[in-house]
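Protein chains: 6
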Amino acid sequence: MSDYKAFNVVLADKVAHVVINRPEKVNAMNADFWREIIDIFRWIDDTDEVRAVVISGAGKHFSSGIDLMMLASVGSQLGPDVGRNAEKLRRKILELQASFNAVDNCRKPVLAAIQGYCLGGAIDLISACDMRYSTVDAQFSIKEIDIGMAADVGTLQRLPRIIGDGMMRELAFTGRTIEGEEARSMGLVNRTYADADALLDGVMGIAREIASKSPVAIRGTKEMIRYMRDHRVDDGLEYIATWNAAMLQSADLRVAMTAHMSKQKPEFAD
Amino acid sequence: MSDYKAFNVVLADKVAHVVINRPEKVNAMNADFWREIIDIFRWIDDTDEVRAVVISGAGKHFSSGIDLMMLASVGSQLGPDVGRNAEKLRRKILELQASFNAVDNCRKPVLAAIQGYCLGGAIDLISACDMRYSTVDAQFSIKEIDIGMAADVGTLQRLPRIIGDGMMRELAFTGRTIEGEEARSMGLVNRTYADADALLDGVMGIAREIASKSPVAIRGTKEMIRYMRDHRVDDGLEYIATWNAAMLQSADLRVAMTAHMSKQKPEFAD
Amino acid sequence: MSDYKAFNVVLADKVAHVVINRPEKVNAMNADFWREIIDIFRWIDDTDEVRAVVISGAGKHFSSGIDLMMLASVGSQLGPDVGRNAEKLRRKILELQASFNAVDNCRKPVLAAIQGYCLGGAIDLISACDMRYSTVDAQFSIKEIDIGMAADVGTLQRLPRIIGDGMMRELAFTGRTIEGEEARSMGLVNRTYADADALLDGVMGIAREIASKSPVAIRGTKEMIRYMRDHRVDDGLEYIATWNAAMLQSADLRVAMTAHMSKQKPEFAD
Amino acid sequence: MSDYKAFNVVLADKVAHVVINRPEKVNAMNADFWREIIDIFRWIDDTDEVRAVVISGAGKHFSSGIDLMMLASVGSQLGPDVGRNAEKLRRKILELQASFNAVDNCRKPVLAAIQGYCLGGAIDLISACDMRYSTVDAQFSIKEIDIGMAADVGTLQRLPRIIGDGMMRELAFTGRTIEGEEARSMGLVNRTYADADALLDGVMGIAREIASKSPVAIRGTKEMIRYMRDHRVDDGLEYIATWNAAMLQSADLRVAMTAHMSKQKPEFAD
Amino acid sequence: MSDYKAFNVVLADKVAHVVINRPEKVNAMNADFWREIIDIFRWIDDTDEVRAVVISGAGKHFSSGIDLMMLASVGSQLGPDVGRNAEKLRRKILELQASFNAVDNCRKPVLAAIQGYCLGGAIDLISACDMRYSTVDAQFSIKEIDIGMAADVGTLQRLPRIIGDGMMRELAFTGRTIEGEEARSMGLVNRTYADADALLDGVMGIAREIASKSPVAIRGTKEMIRYMRDHRVDDGLEYIATWNAAMLQSADLRVAMTAHMSKQKPEFAD
Amino acid sequence: MSDYKAFNVVLADKVAHVVINRPEKVNAMNADFWREIIDIFRWIDDTDEVRAVVISGAGKHFSSGIDLMMLASVGSQLGPDVGRNAEKLRRKILELQASFNAVDNCRKPVLAAIQGYCLGGAIDLISACDMRYSTVDAQFSIKEIDIGMAADVGTLQRLPRIIGDGMMRELAFTGRTIEGEEARSMGLVNRTYADADALLDGVMGIAREIASKSPVAIRGTKEMIRYMRDHRVDDGLEYIATWNAAMLQSADLRVAMTAHMSKQKPEFAD
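Residue numbers (the numbering used here), protein chains in the order written: chain C, 1 to 270; chain W, 1 to 270; chain G, 1 to 270; chain S, 1 to 270; chain Z, 1 to 270; chain P, 1 to 270.
Treat the hints with caution; some may be incorrect.
Result set (DSS-like, lysine-lysine): computed pairs, CA atoms no more than 30 Å apart in a straight line [stated by the list, open to error]:
1) Z:LYS14 to Z:LYS265
2) Z:LYS14 to W:LYS88
3) C:LYS60 to C:LYS5
4) Z:LYS60 to S:LYS263
5) S:LYS265 to S:LYS14
6) G:LYS88 to G:LYS25
7) C:LYS263 to G:LYS265
8) C:LYS263 to C:LYS14
9) P:LYS25 to Z:LYS265
10) G:LYS265 to W:LYS92
11) G:LYS92 to P:LYS25
12) P:LYS92 to C:LYS14
Pairwise CB distance ranges, derived in the manner of DEER restraints [to be verified]:
13) S:LYS263 to G:ALA31: 43 to 49 Å
14) S:THR177 to Z:ASP32: 54 to 60 Å
15) W:ARG35 to C:ASP195: 56 to 62 Å
16) S:ASP197 to W:ARG35: 45 to 51 Å
17) C:ARG232 to P:LYS92: 25 to 31 Å
18) G:ASP230 to C:GLU179: 33 to 39 Å
19) P:ARG42 to G:ALA31: 51 to 57 Å
It should be emphasised that the hints constitute simulated quantities derived from the structure, not laboratory data.
Positions of the beta carbon are idealized from the N, C-alpha and C atoms, including for glycine.
Produce the complete structure using the sequences and hints provided.
This is how it looks when you write it as structure tokens:
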């Protein structure tokens, strides 16, 4: 792992722990953040030893969202022609989206462990993760509405698939802050924990559990669920049939079967 | 606002309150209702001062659904040729659907405040709203099954996105009546209130909150969530990037930023 | 009803009760199972008297999923060429999927009554049913991950539409076992019952209720909800308009209306 | 038929002839044009006697496209806020598109007869017709590129389905003018005629031929081809099966069969 | 090959020749035809030795389409209830469609060799084939319009992807008869031949050429082109990547490479 | 422009000329080629001065397709586990596809000028271009079938949208070589030229013509046509309305209008 300015990354027990590491700025997402997250997830994708990922925030909060300085600097680069500005803004937004697409498209499961503030762009980020867990006193808000804009790096696109449509609209229109238990009841997080220590312990445990499974099976499973978010059931059935046509010839199936018969824990190659 | 036979419409505090106003008929949806609702929502779309909408029913009930007299009169217009009847019925159904499409496609958020009966066509109507709120003793039923037909003005199309698929099917197949709390637990309504007064107070409060936000941001947010109901995540990301390419050049962003810095409440133009 | 090896099928009160009948093998799904289920559902589709279907398992458990012997025998038929093996496996998977597609595409509502184990392939099966009900102590697990493969006969394709996306991924990645109440809270089952007797009583009651409705209306309703799982709202509205163009000319509408007026229970032809 | 400012409309032999009637302005599309065309096609849809439609232009040319005065007046209504201007322009474009959607969605076949200039907006219009026929010296050009904009009322959306993708891009990027024969060779028009008289004679003949067929069958055929432009083959097959479920019960089938047996020309009701 | 009533089937040189064999009835498609074609294509799919298929008609004509007697018999089974008739007709149409879906979904390329009449249902059939070839004097007509119905077994769904949209509509609305050369110029057939003998010689030659290629590669190629008819480019790219992930591990690639290096003709296993 | 090993790139008159520059290897696509083409098109996208692109091949041929050495080296990296090999191959194919996606997604129009051989991977490449032009004696072949594989870098996905479906299948199944005129008649190339000099002259002329238009309008036009390849007409109409909401506020419209009025050639900013 190379040195990152906005992150701290540790690999242990086949789990990569990606920590947003600007606690003095409430982990606000600055230019380093948006660029480095792509590199980190490319490394995760390319490193066979990484089998699961946990994202968390250093300090008391997960993240306060996009750095407002950075947003302001985008505005200052605009020129006199509305059309050319529009093209520039459109490409800038697509570029920022690419940072969270890297999380969404990652071949390994990504778990978010959320304490304290999780605001604006931080909601966009956790919407791109596979699963979300939080402390009971975590605070979630689709803050973009309060800076006069529609959220544009993923919240409005991915969150409706995760929480109910009706509540989705209320949160997006009002920017209302919800805490851990309400988040859990609407499916935004899978489970809440009493405090940040219990949270990290719990999430790491789930990640290690996932890391012990066949990586071939985990990757196939993730790809299929990702695919179904946007495709038809019949297409999905054809896709898994084509995928498993190769993967069922993998050794992992035999390893798992043998372990199952002998009541032992299977060991899968990376 | 012009005079309506089936509705009463009031605009105050930038919120349009649309009241179904046939309490002596349990607010059954007659020919006036289906025609006027289109005019009302065209007016809402065209009137910049309207920034949010609340729909409710006058009297003890929200609405008992389509007026059976009206349904009977459609039947009486059929002729001897099955094919030509089919064309006539198909166009009539598409025409009725257009009335609720006007609600669904409205550029401003629409909140339903539901007390008492909410039956048959009334479920189709609230499924086309953005958010739903009710009293604890409200009664919901997909009544169409009991008059021997599949619901055809929107319930079967929009409700599966709002409540769970499994419960959706049970309610549609059995026509079972559920009350406020069960409705809330399955995501049909966002919140329940003790009685009709508390309900209207609460919903108006949420509507006014929404009306105080940037109208440009609210409309963009609604358009994006509407779009995601039927489109892929990657298409949605491209769409918001194209949309915000223009909207981020709006003054509202600066107004919101400035207010944010000075800790004041922003005032947005209509 | 002909004789089946893996099933017992009874038709009473217009409800077909399909019992997986290999209790000594924990109702594991063997070759007979996969072949016979297609025949059974073709018979259900073709028999007007059947208006609703209940699937359950004989003995203490619903089903432990695919018979591992059968899985092993597929593996033993592979040859030396990876490409030709892939084609063979792909076609075999598509063939197994067809068995549960027969459940999914059945024109009559299918209710699953689940007690004891519901593991691996059994989750694929219940995901293809319309509604699911269980005992409080039923045990559900997406077991495929533990035999080193991605589930490929429907769980990953159909279940995300039924339970939340976040919990879906956790269950699929970890294979964690959940019981009745947790299943209910995430929408996997509609209701839980104290024990297997209460369960069957309850589910049969719901099935008989459905069987008493207009079969034309029930079939239209099911087709529309099935269609909406994979289609856009505007396409769905056009589809129901085309469908009801014929169906509203059916006698069932008049039968229901007349009964409604006279406050009597309607009797619909099969 | 009421009086129109931009059109002349004649109904004879069950064919509606819609003539763009501003020859002194090369049939440029002004505000009257965009509004009246919607009324005309609503009348066509509602009038059973109309079974086919021919669109042509009065004088030497079909049409020179959108009236530049009208385009300029849109520009003059813009205010100081880019975001609010964008919303206004977006709605204006959608409004103009609706005029040609009325042609595309018309239930009866629409044939364009094109002589002289067919430029810019005129290409958008004929792309929304069912079939196109022209004189050999007709001149076609996607002129929008030369006024500095991407065509936005239908050419870029509908034409790629009609002519080849490669030639589509060349014409759209260069605005190159092509004549009748080249238009025919790439599928833009179905046939060319020596001059305007032969053209109108020929097209009217085809329209009358279509008007003599079963209107139920013609409407079903058009709906199916329109549907296939945007849908999958399997969805299309299911849709025609649902549609014909009603339409094959029409008298027209018997009328046609009987005529076929007796070698006589069938007469279908409107 | 078993005995068929409506067909004659011969396998030689790895090419299955499927001959419609009711020349005394102009090869009209009767109940035997619709049932047997499914069996034949299941056999083709399951028989590794078959690597390409040619369909032709015995006698002077390819086929006059659906047997009118059969159509009449469907009508005679209808009862008094429009709704139940509609369901019956819908299922019957879906059943007939399944016969041509078997051709469309066949894993091996299917070539149609067409002489004389190719009318109505015969157009539906050849639209489901991979490629079409004809004599210069073959006669094609979408005849359904003349029996008062919209074609419902595939022409309107598959043909628009093969010939231009504008000409498609003209042929479907008018039922106009076209001959070989016009068919070729619009892409309906790939090539024309002077007479039936030259046609069969030519088509058999192309089929044998295809049969000499790697069957793994041919099947992958067909699946991909079939898939692209209904899917997006990005989905198609992902699908071929998943497919070839297994298939590039096949021996055929090495066989072809080796032959290529040594300038010899490769021999592929079935 | 930096130095490239497999290409030579020249920018003149706002047209980037990208020459595949390995004439001694018949411009076979080696590892350098696949990597550098991404860099080149990123540079093109980022360089406002480039307004159109021409791709051609140095020497007598356009390109013989993928370098077989490179293909062989991929094979040599495979290990013993079929499943892990499949994942590796899948990612490798996606990586190669990305090289031609860079061409397809380029914001500026890309014209291919083709002489001599255009085989295998070269067809994949030109399918990703906007327009294609060739000499009369150019030779095209979907060569992949002859090395025992289904083409997997774009031909099977993009070409069916460009040439007819029937001919597409013949070329893909047989690998038959066609020359310039046949290519033109099926829409594969837009025009043929007598020899390589005339070809380059002609294509450069078209590219310069495009480069003289409003770049804002050209980019919008390309984006819309690209979008329509995979989307519905109604989605496309909404997309252009959203796009033009910003772009019609660009100065280019005024520049073009003013030039139009004064009969002068407009000059657009990059």
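Hint-by-hint comparison with the structure:
1. Z:LYS14 to Z:LYS265: With a Cα-Cα distance of about 17 Å, the restraint between LYS14 (chain Z) and LYS265 (chain Z) holds, given a limit of 30 Å.
2. Z:LYS14 to W:LYS88: violated (54 Å)
3. C:LYS60 to C:LYS5: holds (19 Å)
4. Z:LYS60 to S:LYS263: holds (23 Å)
5. S:LYS265 to S:LYS14: holds (16 Å)
6. G:LYS88 to G:LYS25: Holds. LYS88 (chain G) to LYS25 (chain G) sits at ~28 Å (cutoff 30 Å).
7. C:LYS263 to G:LYS265: Distance of about 58 Å is beyond 30 Å: violated.
8. C:LYS263 to C:LYS14: Holds: LYS263 (chain C) and LYS14 (chain C) sit about 23 Å apart, inside 30 Å.
9. P:LYS25 to Z:LYS265: holds (24 Å)
10. G:LYS265 to W:LYS92: Between LYS265 (chain G) and LYS92 (chain W) the Cα gap is close to 29 Å, so the pair holds against 30 Å.
11. G:LYS92 to P:LYS25: violated (44 Å)
12. P:LYS92 to C:LYS14: holds (24 Å)
13. S:LYS263 to G:ALA31: 43 to 49 Å: Roughly 58 Å apart at Cβ, these two residues miss the hinted range, so it is violated.
14. S:THR177 to Z:ASP32: 54 to 60 Å: Between THR177 (chain S) and ASP32 (chain Z), where Cβ atoms are some 56 Å apart, the hint holds.
15. W:ARG35 to C:ASP195: 56 to 62 Å: 58 Å Cβ-Cβ, so the 56 to 62 Å window holds.
16. S:ASP197 to W:ARG35: 45 to 51 Å: Taking Cβ atoms as reference, ASP197 (chain S) and ARG35 (chain W) lie about 46 Å apart, which means the hint holds.
17. C:ARG232 to P:LYS92: 25 to 31 Å: holds (28 Å)
18. G:ASP230 to C:GLU179: 33 to 39 Å: About 36 Å separates the Cβ atoms of ASP230 (chain G) and GLU179 (chain C), which means 33 to 39 Å holds.
19. P:ARG42 to G:ALA31: 51 to 57 Å: Since the Cβ atoms of ARG42 (chain P) and ALA31 (chain G) sit about 55 Å apart, the hinted range of 51 to 57 Å holds.
The structure is inconsistent with the numbered hints 2, 7, 11, 13, although it conforms to all the rest.
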